[in-house]
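Enquirer: Okay, here's what each chain looks like letter by letter:
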Amino acid sequence: RKEVEQDPGPFNVPEGATVAFNCTYSNSASQSFFWYRQDCRKEPKLLMSVYSSGNEDGRFTAQLNRASQYISLLIRDSKLSDSATYLCVVSHSGNTGKLIFGQGTTLQVKP
Amino acid sequence: EAGVVQSPRYKIIEKKQPVAFWCNPISGHNTLYWYRQNLGQGPELLIRYENEEAVDDSQLPKDRFSAERLKGVDSTLKIQPAELGDSAVYLCASSVGQTNEKLFFGSGTQLSVL
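Protein chains in written order, with my numbering: chain A, 1 to 111; chain B, 1001 to 1114.
Hints should not be assumed to be uniformly reliable.
List of simulated lysine to any residue pairs, SDA-like, C-alpha gap at most 25 Å [said to hold, decoys possible]:
id	chain 1	residue 1	chain 2	residue 2
1	A	K98	B	L1070
2	A	K2	A	K110
3	B	K1102	A	R37
4	A	K42	A	R66
5	A	K42	B	S1087
6	B	K1016	B	L1039
7	A	K110	A	R66
8	A	K42	B	S1007
9	A	K98	B	E1052
10	A	K110	A	S26
11	A	K110	A	A17
12	B	K1102	A	A17
13	B	K1016	B	E1052
14	A	K98	B	P1061
15	A	K98	A	T24
16	A	K42	B	K1078
17	A	K98	B	A1088
18	A	K42	B	K1071
19	A	K98	B	K1016
20	A	K98	B	G1097
21	A	K98	A	D77
22	A	K42	B	G1028
23	B	K1011	B	G1028
24	B	K1015	B	G1028
25	B	K1102	A	S49
Keep in mind the hints are simulated off the structure, nothing from the lab.
Keep in mind that this is a model prediction, so the values were computed, not measured.
The following block holds chain B by itself, in its conformation from the complex (with noise of 0.2 Å):
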């Protein structure tokens, strides 16, 4: 059974410059996550929907960042524009229907913005 996948795996890009990470979760899991996690840091989560609702997106910045899951599968996360302190690894992950008893994270997009 694939994981979750994300795209692209690395990106560096130029401050101010939108950029955009894709995720298509485990099939049959409802739950997705966005989570950010800097260098020697946990992951912090920025969004999490149930099929296509954000159920929680209160760490999410706003004036920057925006997700969407479309459809109720797979999701977008984009940044616009990116600043310095954007650099990190963002992670997808999905679980099965709302239960947080097991996370499953896909392989994460690092950012880097110079």
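Okay, chain A solo, but in the shape it has when bound (with noise of 0.2 Å):
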């Protein structure tokens, strides 16, 4: 079992749609988590980090449910320019702990 999984995907929305990623983490000890965005051919850039109370960025949420061990990613009002694969990033010890990063979530937003 991998220690950080995914939904690959693809999401396949219409534009202004909600769509919600789920991500679950095997490890119980895990301290730190993020949301990366890695656009085709590119390289992986933080979104945002997520935060024991949930957190919010304009039209994305973050939340976290360590009894589950489980962190989801919000996105309301979907743009074309969401479009891109999203990584689920977990680390063990906190914020000097080795990142482990799921294999990523797909999203398409169609016109």
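Since each chain sits alone in its own frame, please combine them into the complex, following the hints.
Expert: Below you can see the structure in the form of structure tokens.
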């Protein structure tokens, strides 16, 4: 079993739709959580950190459920430019530990 | 400000040949990472440096892979000899201090081993 698991998709949604991705992690000692975005043939870039209380950045909302060991990313009012692969990332040892990347979930937003 | 710079962008070699990748991190970032990303997968850590010290190389296949970061700035990752299964994108990343709060990735080197 992989340490960080994501549904690879692709998720095909129309513009304006709301879409949610989930990610599960196996190590209960994990302490830091992130979502990275990777455009096709480009490098990953940090989208947002995930805090225990949940956090929002514009149209993007991240949630953490420690009891069930999953992280979610919600995108509201999808734009064509949101089309990308979204990587769930977990660290075992807080902000100095190794980052474990999930395989990514691909989102395609259609006109 | 310049980002993480990697070269070459693409490399095609025959199996059993050596290959080297170069990375220059963002100025002032003392932590440097080498990741490998296979098609359809997330990046996997090969080695992490804090300054010139390799603090995590547990995932580096040491029989054929080597890395160095002399003077704690730029870094080189080498494969010798390359195998077909080494075909992947090799990503370099850097971060400020020892924190992993935000990694900045280079554009990567796409390696094809024929």
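Enquirer: Between K98/A and D77/A, is the straight-line Cα distance small enough, at 25 Å or below?
Expert: 33 Å, violated
Enquirer: Is K42/A close enough to K1078/B, meaning Cα to Cα at most 25 Å?
Expert: 22 Å, holds
Enquirer: Please verify whether K110/A and R66/A have alpha carbons no more than 25 Å apart.
Expert: With Cα atoms ~33 Å apart, K110/A and R66/A exceed 25 Å; violated.
Enquirer: Checking one constraint from the list: CA of K98/A to CA of T24/A, max 25 Å. Satisfied?
Expert: This hinted pair holds, its Cα atoms lying about 17 Å apart.
Enquirer: Is the Cα-Cα distance between K98/A and L1070/B 25 Å or less?
Expert: 22 Å, holds
Enquirer: Run the distance test for K2/A versus K110/A: straight-line Cα separation, threshold 25 Å.
Expert: Judged against 25 Å, a Cα distance of about 31 Å means the pair is violated.
Enquirer: Keeping to a limit of 25 Å between CA atoms, is the pair of K1102/B and R37/A held or broken?
Expert: Between K1102/B and R37/A the Cα gap is close to 12 Å, so the pair holds against 25 Å.
Enquirer: Do the alpha carbons of K1011/B and G1028/B lie within 25 Å of each other, as the hint requires?
Expert: Violated. K1011/B to G1028/B sits at ~28 Å, over the 25 Å cutoff.
Enquirer: Could you grab the alpha-carbon distance between K42/A and S1087/B and see if it respects the 25 Å cut-off?
Expert: 17 Å, holds
Enquirer: For the pair we were handed, K42/A and R66/A, check the Cα-Cα distance against 25 Å.
Expert: Not satisfied, since the Cα-Cα distance of roughly 31 Å exceeds 25 Å.
Enquirer: CA of K1102/B to CA of S49/A, is that 25 Å or under?
Expert: OK: K1102/B and S49/A at ~9 Å, within 25 Å.
Enquirer: Check the hint pairing K98/A with P1061/B against an upper bound of 25 Å on the C-alpha distance.
Expert: Holds: K98/A and P1061/B sit about 17 Å apart, inside 25 Å.
Of the hints listed earlier, those the structure fails to meet are numbers 2, 4, 7, 10, 12, 13, 18, 19, 21, 23 and 24, in rising order.
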